[in-house]
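Novice: Chains as they are written, first to last, in numbering that gives the first Met the number 0: chain A, 0 to 210; chain B, 0 to 227.
If you're looking for bench data, these hints aren't it; they were derived computationally from the structure. Some hints here could point you the wrong way.
Have a look at the derived ranges for each label pair, beta carbon to beta carbon [claimed, not checked]:
no. : chain 1 : residue 1 : chain 2 : residue 2 : range
1   : A       : T195      : B       : R163      : 23 to 29 Å
2   : A       : E21       : B       : D139      : 25 to 31 Å
3   : A       : R199      : B       : V81       : 26 to 32 Å
4   : A       : G186      : B       : D44       : 22 to 28 Å
5   : A       : A197      : B       : Q191      : 34 to 40 Å
6   : A       : D140      : B       : L194      : 48 to 54 Å
7   : A       : Q164      : B       : R186      : 28 to 34 Å
Quick caveat, the model's predicted, so the values are computed rather than measured. Heads up, the beta-carbon is just placed ideally off N, CA and C, and yes, glycines get one too.
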Amino acid sequence: MSYLDHLHEETLEAYVMGNLPEQEINSLEDHLLLCEHCQLQTRHVELDWKAKRLALQRVRDSRGTPMASLWQVWEGMFGSPAKKAGWVMACAAAAIAVFPYLPSAQESNLAYRNIELSAMRGGEELPAPVQSNERLRLHLDLTELDKLSVYHVVVVDASGDPVWQADQPNRGEEKLDVTISKRLVAGSYWVRLMDTAANRRLLREYPLPLR
Amino acid sequence: MLATHDDTTNSYGNSEDDLSTIIETPPAPMDLNLQDLVDRIRAEDPSGMEDLYRIFSKGVRFYLCRQLGAQELEDKVHDTFVIVVQAVRRGDLREPDRLMGFIRTVVRRQVAAHIDVAIQSRREYLGLEGGPSLVDSSSDPEENFIIQQKAELMEKVLGGMPKRDREILTRFYLDEQPQDQICREMRLSETQFRLLKSRAKSRFGELGKKKLFRKPIQSVFVRKSASA
Chain A
0 MSYLDHLHEE TLEAYVMGNL PEQEINSLED HLLLCEHCQL QTRHVELDWK
50 AKRLALQRVR DSRGTPMASL WQVWEGMFGS PAKKAGWVMA CAAAAIAVFP
100 YLPSAQESNL AYRNIELSAM RGGEELPAPV QSNERLRLHL DLTELDKLSV
150 YHVVVVDASG DPVWQADQPN RGEEKLDVTI SKRLVAGSYW VRLMDTAANR
200 RLLREYPLPL R
Chain B
0 MLATHDDTTN SYGNSEDDLS TIIETPPAPM DLNLQDLVDR IRAEDPSGME
50 DLYRIFSKGV RFYLCRQLGA QELEDKVHDT FVIVVQAVRR GDLREPDRLM
100 GFIRTVVRRQ VAAHIDVAIQ SRREYLGLEG GPSLVDSSSD PEENFIIQQK
150 AELMEKVLGG MPKRDREILT RFYLDEQPQD QICREMRLSE TQFRLLKSRA
200 KSRFGELGKK KLFRKPIQSV FVRKSASA
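Turn these sequences into a full structure, and let the hints steer you where they fit.
Specialist: Here it is in structure tokens:
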């Protein structure tokens, strides 16, 4: 690829996604230094890519819920609306009868990835990257912190924008268990531990890189 | 008539047209006489520095803005050119043909240095809310709005796609799996994979155009308000 040639959209897509082979990046970036048209194309491709990721995440979130999965099975198995209505009522009745005996999904460790987080203090290694899109259960180290009955936990992305937050009661242990109900895409995150006072004082921050 | 955006200069320093009105591709950049350019810079000829800035400033600005956002962009662009000119005059650039690679290296080092400073600041200022941003580009409100709009359209298309097609796109764009892994596990050829991506892109585009024709005024008003 010569730096003089315009860039194909597929090449630009590979570039913005970080998939372009190293030997092609130099030539591509030389071209982008000079070509306003391809600079604009790169921007469009990047916006499209970010939009696709956002749309796919939303679709996954909406279809990943137990109710949505159940509905899809339903649609496939039972044809007529009348039959569906009948089965809905029957299943609802069965669910109500069984529900008190079901173990809480929150307490089960099987569906979650457990991660121990401790704060960075100059010289400590960042935790090894964790797979994105897994359900996460974080165990935040509270050593040397004032023990509160409730903490406010915020997960922020690389720009500092919150992506998840909740109040978390403390059971009086050295670690605070936090279950992140949202699946996070790959990227650099920070988990911020705050008190629940009006001014929300930041107590500690933990790095959380996801790949 | 398509809703068009006002012609404005965005943070990349480019004049921006509406997506759907880019029809003709301009000619590719012409080969540069780098020897002449470097000679003039070394000779402290003002035209050398002027041409250097004229030729490369948009590209440098584009690269820095994409990596670091719009914050302090002009300062960083200026610093880049100062470094390049000083290096050329010192004789650090032995081969004029390598000028572009040299500019590229200087820009990358600017980016790396900024990220190092931001990471260090984040560690030192742990008690402060926010702290320096590592990447500012995603906080561009106009860009966020465009992404949200596009994502809404894409979500509609994705919802109507076969589950298998959606899974392939999810693996590639969201889970960032390599293409060969996806093709192997989903039993696709490379051609089928590329065809699927093209089909999805085409459907995204069709729905986008339908929406644009239906509500052109909204797009113009949004643009007006963004530029206010």
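Novice: Just pull the numbers of the violated hints for me, sorted ascending.
Specialist: 1, 3, 4, 5, 7
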